[in-house]
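Per the numbering used here, the sequence shown starts with residue 11, numbered consecutively.
Just so you know, the hints here were simulated from the structure itself, not pulled from any lab data. In this text, a Cβ means the ideal position worked out from N, Cα and C, and glycines have one as well. Please note that a few of the clues may not be correct.
To be verified - Here are the simulated distance ranges between beta carbons:
#	residue 1	residue 2	range
1	Q105	G356	19 to 27 Å
2	Q309	L254	33 to 41 Å
3	G112	W379	40 to 48 Å
4	G112	V314	25 to 33 Å
5	F296	N231	48 to 56 Å
6	A120	V314	17 to 25 Å
7	F320	Q114	22 to 30 Å
8	H342	A120	26 to 34 Å
9	Y353	I144	36 to 44 Å
10	T307	G234	49 to 57 Å
11	P185	H111	18 to 26 Å
12	T138	H342	54 to 62 Å
13	Y189	P315	20 to 28 Å
To be verified - In silico SDA-like pairs for lysine to any residue, Cα to Cα no more than 20 Å straight-line:
#	residue 1	residue 2
14	K197	P315
15	K196	A369
16	K300	T138
17	K196	V376
18	K69	S270
19	K283	T266
20	K335	L115
21	K196	L278
22	K164	L108
23	K197	P293
24	K196	S60
25	K164	G103
26	K202	S359
27	K196	L263
28	K197	I282
29	K197	L278
30	K291	R139
31	K335	Q105
32	K268	P293
33	K335	H111
34	K283	W61
35	K197	W58
36	K197	V376
37	K335	Q349
38	K69	L200
39	K291	T266
40	K283	N62
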Amino acid sequence: MSTGQFLLNAGGSRLHIASGDSPAFPYQPLGEMGKAKQETRPWSSYIWDSWNKSPEERKFLRRLDACLITYAALSYFSKYLDQQNVTNAYVSGMQEDLRLHGNQLNYITASWTVGYVIGQIPSNMLITRIRPSIWIPAMELIWSSLTMCLALSKNFTTLCAIRFLVGLAESTFYPAIQYVIGSWYKKEELAKRSSIFHTASAVGPMVSGFLQAGVYNGLNNRGGVAGWKWLFIIDGVITIPIALLGFIIMPDLPTTTKPSIFYTQEQLDIAIKRMESEGRKPPEKFTKEKVLNFFSTWQIYTLVPLYVLFNNGNGGVTSMIFWLKSFNTPGHIVYTVGQINTYPLGIYSLQIVTTLIYAWWSDAVVARWPPVISKTRF
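With these hints in hand, go ahead and build the complete structure from the sequences.
Listed below in structure tokens is the structure:
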């Protein structure tokens, strides 16, 4: 802020703030004071939105980012690591060892999808009744344990059954973590935070590809265990500590989180006031009227089809790995296992960069539609 600038408090009196100073009053998100701060938003806040906030709020956001966003990113990384590994295992010897053929890989993938679809709505209803700091890490422990069980698979049927259960457990994470993030952050803060954890969906497949290449070259047949089985074991070993970390640092909602070494009562009060300034209310009981209102909102009938199209459009990314393997024929190897697993990874690198660009743009204009419309042009 420039020297000599004034802010109005809720009572209408003026408060002078020297250049570079922060307001010398308790956190207060409402009233003319908050509006004046929005109108005089410094350019640095477009780089990172907490830089124009009071010291108390900045300290709170640093702790929240360090706990919630760090755990969200690590867990989403592990989720995609465990989600992608079947594809990497398939092209690294699992197909031959288990004599998979025809459309059986598609059926294995569909088994995961069925579990994922079935579990999403019930898990989102449960997250409003069970503490997120328990429910989300617990589901992560379950899916990581099931992932390790894939190394014990002997046939197609076992693979389908375990993948269905993995999908059921993983269905909790994405909608639940978005619900929790949306319960703590303001509108102009959401896109950046969501995108930071969302880029983990690209990092997971990248690491899975490099990991499978390294595992195949270094551990294949070590201890009599095939390289593709080692991938499932190592992925589980990576995920379990992340889940255990979630029990420690994952917060609940602003209205239900208790004071701890991570958050003081004053910081939790700031969190509640921030959400009140956004017009967000604490969770309430389900009623027939609420359910009917939910199905009458335009977002359901607009955003759901868009997300379906978005996911279908991404199908080509995972198909490249099979396209590379198709060049190999009995007695003639064009691409090694390492090359098949690593060549498609440049796509995910580009995804990380563009995701972050769109997110910063969205928060800068405090609107979601400009980057969405821009993306559809490609």
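To see whether the hints hold, each was checked on the structure:
Judged by the Cβ atoms, the range 19 to 27 Å given for Q105 and G356 holds: they are separated by roughly 25 Å. Taking 33 to 41 Å as the suggested C-beta distance range, the pair Q309 and L254 conforms, at roughly 35 Å. Taking 40 to 48 Å as the suggested C-beta distance range, the pair G112 and W379 conforms, at roughly 43 Å. Taking the beta carbon of each, G112 and V314 are about 32 Å apart, inside 25 to 33 Å as hinted.
As the Cβ distance of F296 to N231 is approximately 54 Å, the hint placing it in 48 to 56 Å holds. Take A120 and V314: their Cβ atoms lie about 20 Å apart, and the range 17 to 25 Å holds. A hinted range of 22 to 30 Å holds for the C-beta pair F320 and Q114, which are about 27 Å apart. A hinted range of 26 to 34 Å holds for the C-beta pair H342 and A120, which are about 32 Å apart.
A hinted range of 36 to 44 Å holds for the C-beta pair Y353 and I144, which are about 41 Å apart. Roughly 56 Å separates the CB atoms of T307 and G234, a value that falls within the hinted 49 to 57 Å. Distance hint for P185 and H111: a CB-CB separation of about 35 Å, inconsistent with the stated range 18 to 26 Å. Taken as a hint, the range 54 to 62 Å holds for the pair T138 and H342, whose Cβ atoms sit roughly 57 Å apart.
For Y189 paired with P315, a C-beta distance near 21 Å keeps the hint of 20 to 28 Å intact. Between K197 and P315, the direct Cα distance comes to roughly 23 Å. Violation of the 20 Å bound is thereby established for this hinted pair. With a C-alpha separation of about 14 Å, the suggested pair K196 and A369 falls inside the 20 Å cut-off, and the hint holds. Only pairs whose Cα atoms come within 20 Å are accepted, and K300 paired with T138 is accepted, the gap being roughly 14 Å.
Simply put, K196 and V376 have alpha-carbon atoms about 10 Å apart, close enough for the 20 Å limit, and the pair holds. Between the alpha carbons of K69 and S270 the distance comes to roughly 15 Å, so the proposed pair stays at or under 20 Å and holds. Using a Cα cut-off of 20 Å, the hinted pair K283 and T266 holds, with the two alpha carbons roughly 14 Å apart. Restraint check: the Cα-Cα separation between K335 and L115 comes to about 14 Å, which is no more than 20 Å; the hinted pair holds.
Of the supplied pair hints, the one linking K196 and L278 holds, its CA atoms being roughly 15 Å apart against a limit of 20 Å. In summary, the hint linking K164 to L108 is supported, as the alpha carbons are separated by about 6 Å, within the 20 Å threshold. Pair hint K197 plus P293 holds up; C-alpha atoms about 18 Å apart against a cutoff of 20 Å. Of the pairs offered as hints, the one joining K196 and S60 holds, with about 11 Å between alpha carbons and a cut-off of 20 Å not exceeded.
For the hint pairing K164 with G103, the CA-to-CA distance comes to about 13 Å; that is within 20 Å, so the pair holds. With a C-alpha separation of about 18 Å, the suggested pairing of K202 with S359 holds against the 20 Å cut-off. Proposed proximity of K196 and L263 is supported: the alpha carbons are some 14 Å apart, at most 20 Å. A C-alpha spacing of about 15 Å is found between K197 and I282, which places the hinted pair at or below 20 Å, so the restraint holds.
Distance restraint check for K197 and L278: the Cα-Cα separation of roughly 18 Å lies within the 20 Å cut-off, and the hinted pair is therefore satisfied. Using a Cα cut-off of 20 Å, the hinted pair K291 and R139 holds, with the two alpha carbons roughly 15 Å apart. For the proposed pair K335 and Q105, the alpha carbon gap of about 12 Å is at most 20 Å, so the pair holds. Between the alpha carbons of K268 and P293 the distance comes to roughly 16 Å, so the proposed pair stays at or under 20 Å and holds.
As the CA atoms of K335 and H111 are separated by approximately 14 Å, the hinted pair is consistent with the 20 Å bound. A C-alpha spacing of about 19 Å is found between K283 and W61, which places the hinted pair at or below 20 Å, so the restraint holds. Between the alpha carbons of K197 and W58 the distance comes to roughly 14 Å, so the proposed pair stays at or under 20 Å and holds. Of the pairs offered as hints, the one joining K197 and V376 holds, with about 7 Å between alpha carbons and a cut-off of 20 Å not exceeded.
A C-alpha spacing of about 9 Å is found between K335 and Q349, which places the hinted pair at or below 20 Å, so the restraint holds. Distance restraint check for K69 and L200: the Cα-Cα separation of roughly 18 Å lies within the 20 Å cut-off, and the hinted pair is therefore satisfied. With a CA separation close to 13 Å, the supplied pair K291 and T266 stays within the 20 Å bound. At most 20 Å may separate the alpha-carbon atoms for a hinted pair to count; K283 and N62 meet this at roughly 17 Å.
Hint check: violations occur at hints 11, 14; the rest are consistent with the structure.
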